[in-house]
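As they're listed, the protein sequences go chains C, W and A.
Each residue of the first sequence is one higher than the last, beginning at 702 in my numbering.
Each residue of the second sequence is one higher than the last, beginning at 103 in my numbering.
Each residue of the third sequence is one higher than the last, beginning at 6 in my numbering.
Some clues are possibly wrong.
Beta-carbon label-pair distances, calculated as ranges [claimed, not checked]: (1) W:S564 / A:E208: 51 to 61 Å; (2) W:E655 / A:S290: 44 to 54 Å; (3) A:E296 / W:G535: 49 to 59 Å; (4) A:S313 / W:L128: 37 to 47 Å; (5) W:M109 / A:G173: 53 to 63 Å; (6) A:A237 / W:Y574: 50 to 60 Å; (7) A:G59 / C:G809: 51 to 61 Å; (8) A:G59 / C:K828: 32 to 42 Å; (9) A:G59 / W:V454: 36 to 46 Å.
Treat the hints as calculated values from the structure; they're not laboratory data.
The beta carbon of each residue, even a glycine, is placed where N, CA and C say it ideally should be.
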Amino acid sequence: MPERKIRVMVAKPGLDGHDRGARVLARCFRDAGFEVVYTGCHQTPEQIAAAAIQEDVDLVGLSCLSGAHRLLFPRVVELLREKGASDITVIGGGIIPEQDFSLLYDSGIKAIFTPGASLDSIVEWIKTNIKPH
Amino acid sequence: MYFSKEMQEASLKLTKKWTDEVKKALKNNPDQKEHFSTVSDTNIKRLYTPEDIKDINFAEDIGVPGEFPYLRGNQVTGYRGRHWTFRMFSGMGSAQDTNHRWHMLLREGQTGLSTAFDFPTLMGYDSDSPKALGEVGKCGVAIDTLEDFLALMEGIPLDEVTTSMTINPPATVLWAMYCAAADIRGVPLTKIGGTIQNDMLKEFIAQKTFMCPPEPSVKLISDTVEFGTKFVPRWNTVSISGYHIREAGSTAVQELAFTIRDGIEYVEDVVRRKKLSVDDFAPRRSFFFNSHIDFFEEICKLRAARRMWAKIMRDRFHAKNPRSLWMRFHTQTAGSSLAAQQPYNNVVRTTVEGLAAVLGGTQSLHTNSLDEVFCLPSEHAAEIALRTQQILAEETGVSNTIDPLAGSYFIETLTNEIEEAAWDYIHKIDDMGGMIAAIEKGFPQMEIAESAYKFQRQLETSEKIMVGVNKYSTNNQHSIPLLEIDEKIGGEQIKRLKDVRRKRDSRAAKKSLDNIKNACKKGENVMPHCIDAVKNLATLQEICDIYREVYGEYRDPGLY
Amino acid sequence: MDATIKKICGGDVRLASRLIRDIEDKIPEAKAKIKKLYAYTGKSFIIGITGAPGAGKSTLTDALITELRKKNKTIGVLAVDPTSPFTGGAILGDRIRMQRHAEDPGVFVRSLATRGALGGLSQAAGDAIHVMEAMGKDIIIVETVGIGQQEIDIINHAHSVVVVLVPGMGDEIQTMKAGLMEIADVFVVNKANRAGAKQLQMELTSMLNLSSKAAAGWRPPIVMIGDAFEPATFAENTAELAQKIEEHHIYLQQSGKLTERMHRKAMAEINDALSACLLEPVLSSLAGSGELESFAEKIRNRKADPYSVAEEITQKFFKKQGKK
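With the rest of the complex left out, here is chain C (with noise of 0.2 Å):
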């Protein structure tokens, strides 16, 4: 019986290295029943988009607790689109202040989660709009 798993990417660009987050949500993925691939702290937007199309996931979870996700965020939706991977979907989440939702949204980041958002929600949310390449 064909069936598609979904297979997602959590990373983390930059420099920070606060990985409670990512790691809490790994795991909560995996729980899910989603394959995640996880790829550590201090990762550069290059290196996030090269993996993301060797793993080919459906959904790039980015976490960034720095501040530096106004310039990281949009640079790796960039470097998808770049190597023609823009399917690939790219949800971003850590210490986002609202005023720079609309930027991240322009940029192509498809959803947002900060601090205090449930687990169950953003599971909700990637089974809903995630549909399997």
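Starting from the structure of chain C, add chains W and A where the hints point.
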């Protein structure tokens, strides 16, 4: 704790009566939930009685302030002679921006400085490194060369104010800048005082700001300890930190145990590598704990910490100087306990956490600003946080008497329980061959990951509550003004850095960098060479690149 | 040539990783693509790396990539991680240790989850290797946790097999004797600075002294690899490992044993294909209808024996096929 057999009998009888009454009462009025536990999920009983502390020996287990086991504090006079240090962590944008904020805080009654660096600085990269994209000046101040550092310290009396610097992998470099700045300003090294965090083990365990592998990282730390012991006697060269372990999701017990075990590792390394006696340097060890939202648990954790360290220094390291037995610590309220929803509530959380730190006998305190869950604190928010401490110190009367909760059936029981659970961890890590070996196995990392996930699940099921997040949430959010860091700062900082590179004597810089490399290869102390190098305007990254080259680069093993 | 196949043979990462995905998800079209692609496979040298969890396989793979890239070899890595039997999800964490090669166009790293209990892992791995071969990778490294039969099956796809051991894992050697011992071409004693490493080396040596395989021409070398935290020694040791693997490759070529290995691989591929074409459809149809459960129950209650059940299933299946 009983004074007579009769007293015990009467007490037991009375407790029995109460137990029966509880059973009856529960039939009609059941409890709100099945079990009651701390935020770390330690079970708490409905009532504690003298029976719980009947084996406690006052003189040996509790004692008085300034005497072993230091449960009640190191200072015989408590807070009456001097309050704890009001030390607010701050730093943002350029060196000038941060210097401006510091002058404001000192004017408003802050008594010590505490520096937040941006991520490129924390990781040992210059502002123009590709890795620094988007990060310059964001989470703290950007420092590339001694010129930035001198601007940071402009107008700050280096012989009067003590400065704490939250810096880890490049601690040797930033401390060298401080020493060089003192030198240039004509302040002798014996007169400057402060702290560098310089605790790499907790970086591997929790915070992930790492550069070189554990072994050489600890070697660099021992270099600073040796240099400080010989030349900068008022400096705390390592601040052994549990704060970040807790923020990464550990329990209170894990925070306590891993921090103390890190402390043991550092002491062992200095004794082995530098052939110093513990009493030469142990009095300058300082610690840094988290004060989380579970009020009593935090007080007990801090009390237990002092007693454990005193036992370790006395029994494991045979320290003779009473000051070696002191655990002096700074405390910061828990960033992870704050909520983005209804942010003004954070003032209340921070107040309770600050109070716990004071009742736990902290020497120094940072109270979080209400907006720290979003960004660096705005000036207004930072002021409220500082005022919170001042109210605790000067209005509430909680500092009138020393360790006011001592002797409480509950407090002493929980203190003992936390201590015992922490010893279990310490023994387990001893059996693994020490903390570096445990880190290589991923042991502390995985223990924390488990706890973090468990807590998150408890929030999901509302077993644990955060007001405004999973209960009493509303659509009407408070709106608060946030501090914005100008994106232009990165460009300006890079320009300054390029100017320095252009105007400096490149040959002198290169030569002093070679000296650092040689010292690394020969296992010599790098500190004197670092001071020379920063004076010759070698950049932060140039020095750190040498460490990376000689010692290798540590990469995230990605344990989850 | 089919456009997709052409692109994959030209090294298109996007299409290659999608095809591997199709294989894993058992999309029927994938089989057809592999058929077309098969002619372009068979030129890569395939290294299997196996060992217990925590033995440091990913770190070694990462170091091997660095070594092999120095010689300008293009590389494919297939990293196999276990699926959670409870949730069907998986955290694929091996690639973390190889992320510094992510941007190198000469390196393609793909993670594979072990997925369900109904088998097919070996087939998926074998076909993923085919895709990487078609992409023109000079060397393919397959990394797997080597405990169960499933993993040993995967390893049959490799030409050279590296078995990674670490001191202090207790009775591992004893259990190794039975399975992986036979399959190892190179042994690594990893984290060799730890207590017990010398002991482990001695045990391996004496075991090799008794082995018939060692007598037959190739004696598996034992490479001692120090702590990854000591960069200089570690680099030296992993260079030695790369060297030993290459020596084994040369030995295979010169002794004619490579043909034997290719044969072993062909047998594995037949086995996988048969199981994919015959066994798996049967099992999954029975599982889907719930019959598998009731057969198991009957056997459990001694109302039937497994052979009669197998016969019943065979008959039923072929009758069904016949009707079509």
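Report task. Kindly confirm whether 49 to 59 Å is satisfied by the beta carbon distance between E296 of chain A and G535 of chain W. Result -> Holds: the Cβ-Cβ distance is about 54 Å, inside 49 to 59 Å.
Query raised in the report: Taking the CB of M109 of chain W and the CB of G173 of chain A, does the distance hold inside 53 to 63 Å?
Result: Since the Cβ atoms of M109 of chain W and G173 of chain A sit about 54 Å apart, the hinted range of 53 to 63 Å holds.
Query raised in the report: Do A237 of chain A and Y574 of chain W keep their Cβ atoms within the hinted range of 50 to 60 Å?
Result: 58 Å, holds
Query raised in the report: Given a hinted range of 51 to 61 Å, is it respected by the beta-carbon distance of G59 of chain A and G809 of chain C?
Result: 39 Å, violated
Query raised in the report: CB of G59 of chain A to CB of V454 of chain W, is that within 36 to 46 Å?
Result: 42 Å, holds
Report task. Can you let me know if the beta-carbon spacing of S313 of chain A and L128 of chain W is within 37 to 47 Å? Result -> 59 Å, violated
Query raised in the report: Between E655 of chain W and S290 of chain A, does the beta-carbon spacing fit 44 to 54 Å?
Result: At roughly 52 Å between Cβ atoms, S290 of chain A and E655 of chain W fall inside 44 to 54 Å, so the hint holds.
Query raised in the report: Measuring from beta carbon to beta carbon, are S564 of chain W and E208 of chain A in 51 to 61 Å?
Result: 54 Å, holds
Query raised in the report: So the hint says 32 to 42 Å: do the beta-carbon atoms of G59 of chain A and K828 of chain C match that?
Result: Given about 33 Å between the Cβ atoms, the range holds.
Going down the numbered hints, you'll see the structure goes against 4 and 7, while the others check out.
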